[in-house]
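Q: The chain contents come next:
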Amino acid sequence: MKYLVPAVFIIVAAVILGASGYLYYQYYGSPRCEACGMIITPEMQASIIMTDVDTGQRIWTCCPGCMLRSVAAHPNVHIEIYDDWYGTQVPPAVIEIRNSSVVSVDPETSHILLGAKIIKGCANNRFAINETSVQLLLENGYNPSNPIAIFKNPLPNGTPVLAVSAALPGLLQTGIQYVPPSNMFLGAMIGIGIIVLILSFVAWKKLIKPIPVKTTEGPIK
Amino acid sequence: MIWTALTTIMVILGLFGLTETVYASMKSFGIIRRISTAGLEERYNLEKSYYLLSTIVWVILLSRIVASGVFWITNESLIPLIPGAMCQFGVNQAGAPYSWIDDGVKLFVVFAYGVWLSLDLINRRVKGGPLMLTLSKIFLILAPLLFLEAFLDVAFYVTVSPVVVPCCRTVFTASNPLPCPYCFVFHDAPMFLVVIVSYGLAICLVFWSLFIRHYSFKFKEIADVGMNAIRKLTLMALGFSVLGTIAVIPALFQVLGTTGFAP
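Which chain is which? The protein sequence lines are A and B, in order.
Mapped onto my numbering, the consecutive letters of the first sequence carry residue numbers 2 to 222.
Mapped onto my numbering, the consecutive letters of the second sequence carry residue numbers 16 to 278.
Simulated from the structure, these hints should not be mistaken for laboratory data.
For each residue, glycine too, the CB sits at the ideal point set by N, CA and C.
Wrong hints could be hidden among the right ones.
Covered stretches of chain A (in silico footprint by chain B; criterion: 3 or more residues with CB under 8 Å from a CB of chain B, positions within the stretch not fixed) [said to hold, decoys possible]:
1. 13–20
2. 33–44
3. 183–192
4. 202–209
Kindly produce the complete structure, drawing on both the sequences and the hints.
A: Here is the structure:
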């Protein structure tokens, strides 16, 4: 029983530090979409291969919307993207972007289905290389027999269908949406920390004072 | 329902909590009703009955505390299974409204359950169990919270489905002074998990000490054991607040130095 307090403290501290460490490992260990932060799945890795031509680095991206949003941080990119209906049955479309402008799209009939304009969320975006694929994706949302289908959900009604060059300016403006916490929030965290520290110290000092015992005897005369 | 090992565990723990809470509440009510008129022999029987109740409540409360931890792990594991979900905000949208209420309730349960557990620990160390009636009453006060928490767990995990949800950035935009709490704690700056849990536990430990002190004034029999417990709890509170303060420094540096999601 003598070692109960240090043992409990060490176990709880180890659990929370371990959980935090695991989350750090997850954060740095698995690639995340640079534009929105979503964890990159094997389907995403296989569907969109985006490379910064200036640095030669692979840019991780989760959907066609975030792909173009990432151009805000990488103005010169080479993209190979598979059609969301046909998957690997047909060769990927190739998009070249230089100085944040579309230089070429092959095939030229390629379109982005930007369902995120209707219901926000990457799961509502698709890429199609021709009109047939556009119609099939609008009707069904995804192809169950496409092994690299990223999102398996129907598209919202009224999903806009845009050419890559038409979709780029708006998405470029949205850019990478990391929202850092405000200084007020961080200040509040420090303030709470100081209060908790003082509270604990005062409790440790004051609460351990012996409890007074009531006496039934009268005052001493 | 999305069947995974973790959601199944949560539903089982929830159902266990519900049934055991009903049983323990009835037993607790019986003790409260009979103790004031009990003779010496009946009081002895009630004491035995209370020890059974105490053991059951320990199992319930510890299972609920474990469920509170597994709850966050389960929600984190559901993110890839819900289209459009980037963090637990998306999971909560898929399980609304139960998920949101459950999230709020989960933040306070450890504090509430700890009051009973710490007092019972003291009661077990003192002859005659002077806090038997008090603890039975406190349990009856806790029972609705226990019932609500277990019910919310079951309702949430049974109703959550892989529907398309909008991502958290629709609410936590650049103009919002607060970051998405789920992204912030679980993804962007996990060191804040240590900060929040440490400070939370420090506050809980101080409040439990205050409760023990309050009952030590009322029941002189537990004064010595109570003081010993207060000494240990406040020391642990100080330890956790120091740990939280140590963790807050790298956590702040990390947040201030973050420029985006790219590592």
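Q: All the hints need checking, so say for each whether the structure fits it.
A: Each hint tested on the structure:
1. 13–20: n = 5 at 8 Å, threshold three: holds.
2. 33–44: Holds, because 9 residues of the region 33–44 of chain A bring their Cβ atoms closer than 8 Å to Cβ atoms of chain B.
3. 183–192: Result for this restraint: holds, n = 6.
4. 202–209: holds (count 5)
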